[in-house]
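Peer 1: Residue numbers (this note's numbering), protein chains in the order written: chain A, 11 to 486; chain E, 11 to 486.
None of these hints come from the bench; they were simulated from the model.
None of these values were measured; they are calculated from a predicted model.
Hints may be right or wrong, so weigh each one.
Which copy? The list can't say, so a pair holds if one copy fits it or any two copies do.
Below, simulated SDA-like cross-link-like pairs (lysine to any residue); rule was C-alpha separation at most 25 Å, straight line [claimed, not checked]:
#, residue 1, residue 2
1, LYS448, GLN116
2, LYS217, GLY359
3, LYS158, GLU87
4, LYS36, THR213
5, LYS37, GLU385
6, LYS321, GLN149
7, LYS72, ARG297
Number of protein chains: 2
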Amino acid sequence: MAEKKLVESITSMQEDFAQWYTDVVKKAQLMDYSSVKGCMVFKPAGYALWENIQNELDKRFKATGVENVYMPMFIPESLLQREKDHVEGFAPEVAWVTHGGLNELQERMCVRPTSETLFCDFYANDIQSYRDLPKLYNQWCSVVRWEKETRPFLRSREFLWQEGHTAHATAEDAEERTIQMLNLYADFCEDFLAIPVVRGRKTDKEKFAGAEATYTIEALMHDGKALQSGTSHNFGDGFAKAFGIQYTDKENKLQYVHQTSWGMTTRLIGAVIMVHGDDSGLVLPPRLAPCQVMIVPIMQKKEGVLEMAAKLKDKLSNFRVKVDDSDKSPGWKFADCEMRGIPLRVEIGPKDIEANQAVLVRRDTREKIVVSLDEIETKVLELLDKIQVEMLERARTHREEHTFVAENFDEFVDTVANKPGFVKAMWCGEQECEDKIKETTTATSRCMPFNQEKISDVCVCCGKPAKSMVYWGKAY
Amino acid sequence: MAEKKLVESITSMQEDFAQWYTDVVKKAQLMDYSSVKGCMVFKPAGYALWENIQNELDKRFKATGVENVYMPMFIPESLLQREKDHVEGFAPEVAWVTHGGLNELQERMCVRPTSETLFCDFYANDIQSYRDLPKLYNQWCSVVRWEKETRPFLRSREFLWQEGHTAHATAEDAEERTIQMLNLYADFCEDFLAIPVVRGRKTDKEKFAGAEATYTIEALMHDGKALQSGTSHNFGDGFAKAFGIQYTDKENKLQYVHQTSWGMTTRLIGAVIMVHGDDSGLVLPPRLAPCQVMIVPIMQKKEGVLEMAAKLKDKLSNFRVKVDDSDKSPGWKFADCEMRGIPLRVEIGPKDIEANQAVLVRRDTREKIVVSLDEIETKVLELLDKIQVEMLERARTHREEHTFVAENFDEFVDTVANKPGFVKAMWCGEQECEDKIKETTTATSRCMPFNQEKISDVCVCCGKPAKSMVYWGKAY
Numbered sequence: 011m012a013e014k015k016l017v018e019s020i021t022s023m024q025e026d027f028a029q030w031y032t033d034v035v036k037k038a039q040l041m042d043y044s045s046v047k048g049c050m051v052f053k054p055a056g057y058a059l060w061e062n063i064q065n066e067l068d069k070r071f072k073a074t075g076v077e078n079v080y081m082p083m084f085i086p087e088s089l090l091q092r093e094k095d096h097v098e099g100f101a102p103e104v105a106w107v108t109h110g111g112l113n114e115l116q117e118r119m120c121v122r123p124t125s126e127t128l129f130c131d132f133y134a135n136d137i138q139s140y141r142d143l144p145k146l147y148n149q150w151c152s153v154v155r156w157e158k159e160t161r162p163f164l165r166s167r168e169f170l171w172q173e174g175h176t177a178h179a180t181a182e183d184a185e186e187r188t189i190q191m192l193n194l195y196a197d198f199c200e201d202f203l204a205i206p207v208v209r210g211r212k213t214d215k216e217k218f219a220g221a222e223a224t225y226t227i228e229a230l231m232h233d234g235k236a237l238q239s240g241t242s243h244n245f246g247d248g249f250a251k252a253f254g255i256q257y258t259d260k261e262n263k264l265q266y267v268h269q270t271s272w273g274m275t276t277r278l279i280g281a282v283i284m285v286h287g288d289d290s291g292l293v294l295p296p297r298l299a300p301c302q303v304m305i306v307p308i309m310q311k312k313e314g315v316l317e318m319a320a321k322l323k324d325k326l327s328n329f330r331v332k333v334d335d336s337d338k339s340p341g342w343k344f345a346d347c348e349m350r351g352i353p354l355r356v357e358i359g360p361k362d363i364e365a366n367q368a369v370l371v372r373r374d375t376r377e378k379i380v381v382s383l384d385e386i387e388t389k390v391l392e393l394l395d396k397i398q399v400e401m402l403e404r405a406r407t408h409r410e411e412h413t414f415v416a417e418n419f420d421e422f423v424d425t426v427a428n429k430p431g432f433v434k435a436m437w438c439g440e441q442e443c444e445d446k447i448k449e450t451t452t453a454t455s456r457c458m459p460f461n462q463e464k465i466s467d468v469c470v471c472c473g474k475p476a477k478s479m480v481y482w483g484k485a486y
Numbered sequence: 011m012a013e014k015k016l017v018e019s020i021t022s023m024q025e026d027f028a029q030w031y032t033d034v035v036k037k038a039q040l041m042d043y044s045s046v047k048g049c050m051v052f053k054p055a056g057y058a059l060w061e062n063i064q065n066e067l068d069k070r071f072k073a074t075g076v077e078n079v080y081m082p083m084f085i086p087e088s089l090l091q092r093e094k095d096h097v098e099g100f101a102p103e104v105a106w107v108t109h110g111g112l113n114e115l116q117e118r119m120c121v122r123p124t125s126e127t128l129f130c131d132f133y134a135n136d137i138q139s140y141r142d143l144p145k146l147y148n149q150w151c152s153v154v155r156w157e158k159e160t161r162p163f164l165r166s167r168e169f170l171w172q173e174g175h176t177a178h179a180t181a182e183d184a185e186e187r188t189i190q191m192l193n194l195y196a197d198f199c200e201d202f203l204a205i206p207v208v209r210g211r212k213t214d215k216e217k218f219a220g221a222e223a224t225y226t227i228e229a230l231m232h233d234g235k236a237l238q239s240g241t242s243h244n245f246g247d248g249f250a251k252a253f254g255i256q257y258t259d260k261e262n263k264l265q266y267v268h269q270t271s272w273g274m275t276t277r278l279i280g281a282v283i284m285v286h287g288d289d290s291g292l293v294l295p296p297r298l299a300p301c302q303v304m305i306v307p308i309m310q311k312k313e314g315v316l317e318m319a320a321k322l323k324d325k326l327s328n329f330r331v332k333v334d335d336s337d338k339s340p341g342w343k344f345a346d347c348e349m350r351g352i353p354l355r356v357e358i359g360p361k362d363i364e365a366n367q368a369v370l371v372r373r374d375t376r377e378k379i380v381v382s383l384d385e386i387e388t389k390v391l392e393l394l395d396k397i398q399v400e401m402l403e404r405a406r407t408h409r410e411e412h413t414f415v416a417e418n419f420d421e422f423v424d425t426v427a428n429k430p431g432f433v434k435a436m437w438c439g440e441q442e443c444e445d446k447i448k449e450t451t452t453a454t455s456r457c458m459p460f461n462q463e464k465i466s467d468v469c470v471c472c473g474k475p476a477k478s479m480v481y482w483g484k485a486y
């Protein structure tokens with residue numbers, strides 16, 4: 011009964027996807043609302059996901075030569091204003107500090123919404139010669155954007171992220187790094203989070219404030235909405251000119267640097283929930299899962315059961331493994347494992363011990379596999395690998411089944427209205443058409459994918475000659 | 011010459027300790043000033059120290075059952091005011107956010123100077139029953155205190171730290187955790203940073219705003235000044251009463267929880283510099299050092315030298331090892347290794363290769379050891395261990411040589427004035443005497459050490475019966 015109650019306590023996806031999402035976030039104990047409006051509390055289960063994301067990304071960054079630094083959290087107003095497009099993009103949504111202790115500040119400062127201006131200010135002094143380049147810096151921190159509507163992990167006034175900021179001698183080096191980091195993000199999402207992504211470039215309308223080009227990875231959630239999951243920006247020498255970041259080259263001539271920035275945030279946790287979750291709760295890919303294997307003893311008061319559970323835990327110590335030896339019923343524990351998304355459950359009771367076996371239960375498919383205790387290690391390893399691979403495959407299949415093509419405007423409008431998912435359609439390159447599409451359908455251009463296909467010769471909106479194929483969709 | 015110039019570029023400790031400190035911080039490229047007053051930029055070499063401190067402490071916390079979480083960075087004014095002593099302690103030194111985007115906030119919020127109020131607000135909802143206890147939460151974040159005077163790592167308006175916040179069923183459990191974490195901090199300082207510390211309790215005058223008891227570890231810097239290096243607070247049920255944090259016990263009665271908090275900050279990096287550094291720059295203990303071994307090829311253009319350096323790097327891959335194959339001279343590289351505090355330098359040139367040997371040079375003692383290439387791995391391991399142990403021993407000897415005893419006030423005043431270091435002296439327990447000592451000598455009570463000794467029967471200041479022996483000293 012307790013089991014049923016626990017499961018019943020979340021709304022089904024079909025019924026109300028938004029409510030399902032909030033229920034999972036709460037019941038899997040990932041986060042809680044705080045009394046600070048628009049800000050969340052990351053509870054241990056939620057923060058552990060971020061820690062694992064952080065460790066893995068950090069390792070991948072460092073393998074490409076990136077070093078971590080830490081910049082101040084405050085930006086003086088005059089510094090924020092130095093680059094014109096940038097300030098226009100961010101000034102309306104920052105939090106302003108006006109007093110320090112009992113005194114009013116001479117100049118107010120905002121809490122960083124992003125740190126381009128701080129890095130530029132630093133680079134202007136730190137970079138002198140071509141020998142100082144490239145600078146490949148990253149920081150892990152929290153940033154603040156004064157959002158009106160907020161949703162757990164997806165949009166909050168304060169969120170955790172990493173922001174990489176690099177400076178290069180040439181435009182080519184900057185472009186190469188921009189693409190390199192986008193690909194790193196995409197590979198990370200696919201390998202580690204089991205989330206397939208579309209890699210592409212943002213239209214000018216959707217690009218970052220102050221960037222020459224913004225590249226993005228776009229993932230499709232279970233409800234058919236898109237989620238921008240990571241972005242990488244090429245600034246050219248725009249910021250360098252605004253902040254005077256110059257170096258002397260080998261011929262002793264002064265040159266402006268070329269810069270990039272790239273970021274991923276805690277919204278990735280939202281993506282994991284909405285790509286993999288089901289009506290029993292969270293489903294975590296094994297590489298991400300803070301606990302990969304939960305051992306549930308059956309009839310644990312019987313002699314030898316808890317001892318065997320502990321022995322199994324030792325045997326499986328190569329994995330992130332726990333034993334649930336609490337005084338709850340096995341049924342409650344099963345439901346709890348499911349709610350929390352633990353990839354593999356191991357059931358072990360007196361009968362299993364007698365038969366020298368255990369029952370493994372996959373979270374993603376619920377498949378039960380009886381294995382001999384003699385080969386449980388290799389079986390667990392195999393199964394975790396298999397789950398990781400199949401979760402990515404399933405998500406890819408789901409995305410393919412929800413990716414449509416529209417050749418004309420009627421088809422486009424109909425698809426967006428009736429078929430949740432991505433719509434691939436041609437575009438002339440004019441913002442007017444993007445605006446009209448958004449107004450008519452609420453879909454936005456997600457990206458111009460690197461893998462271009464030719465669907466027709468003309469823009470789906472205006473009928474003029476098309477310049478590129480675009481992924482469109484409703485988005486979080 | 012280049013070598014000399016690099017070394018000459020820092021002030022000697024004898025001449026001006028404060029300037030020496032600033033020089034080391036700058037020349038070892040640990041940090042830089044930013045254009046945000048009172049805030050610093052952590053450069054890669056400085057942040058790498060913090061990362062290593064963080065990884066090691068985090069592992070030790072988790073081994074005691076602590077889980078990481080993340081609370082919002084803002085505290086509404088009404089929340090900060092909930093506990094009387096606490097708000098009095100912090101309100102004068104916080105940064106206030108008054109505007110979000112273009113609108114004035116209905117209630118201003120401060121940027122957290124510490125997060126007791128946020129954790130309490132969270133616990134008030136999250137804790138219901140004795141089954142929910144203990145809560146052993148920690149967060150890694152930055153905090154802001156509007157300091158007037160700032161110094162790199164030691165005191166800045168924004169600094170990085172961890173803050174643990176726990177809630178317990180009983181007063182005994184809270185006290186036990188408070189002491190456990192203090193001992194964890196002390197062991198960490200000694201094992202990992204090679205910094206010996208005095209463990210003790212703060213006087214009421216020096217304790218944390220809102221705490222029943224504050225415990226501290228105090229380290230002695232090379233110049234004889236003390237540095238408070240970590241604190242652990244027992245709040246009793248004071249915050250629980252102010253915030254209404256109650257649980258139902260096994261008899262179904264409502265009880266208040268008992269709480270603790272404990273923190274360590276980036277000032278530890280300042281401690282490492284000031285305990286171990288010398289006139290050639292930083293000296294890092296091997297366990298902390300981001301790079302433990304630097305291989306410097308001699309006559310690197312000669313055939314086979316760079317190849318052998320690379321081979322050695324592979325051979326030493328169990329350590330954090332690098333090769334400096336830049337086009338600088340060996341002399342410059344030696345000085346650079348010293349400035350950056352790299353524990354062990356490996357010199358390898360054509361003659362060494364011929365003799366199947368390399369020259370190892372210790373940073374701390376400058377001792378040169380010629381070793382056969384066949385046993386270089388074991389030799390490096392031995393030496394790094396030895397350096398770690400001897401650095402702690404040297405620091406302990408320095409502290410013992412700079413710890414004095416004063417039996418009467420004249421002796422006390424004379425010692426503080428003429429002998430930099432700790433002064434052990436008896437105290438009656440009255441704040442009046444603490445105040446008088448501070449006024450007369452600028453020394454403050456550092457702690458009442460756990461290891462009490464009886465120096466005399468009477469207070470060093472007023473001559474009344476003494477209650478405890480206190481470590482006194484000038485402090486950062």
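Peer 1: Confirm or reject each hint.
Peer 2: Results of checking the hints against the structure:
no. : hint               : in the structure
1   : LYS448 with GLN116 : neither (43 Å within a copy, 34 Å between copies)
2   : LYS217 with GLY359 : neither (57 Å within a copy, 53 Å between copies)
3   : LYS158 with GLU87  : both (22 Å within a copy, 21 Å between copies)
4   : LYS36 with THR213  : neither (36 Å within a copy, 43 Å between copies)
5   : LYS37 with GLU385  : neither (34 Å within a copy, 57 Å between copies)
6   : LYS321 with GLN149 : neither (42 Å within a copy, 33 Å between copies)
7   : LYS72 with ARG297  : both (19 Å within a copy, 20 Å between copies)
In summary, the numbered hints that this structure violates are 1, 2, 4, 5 and 6.
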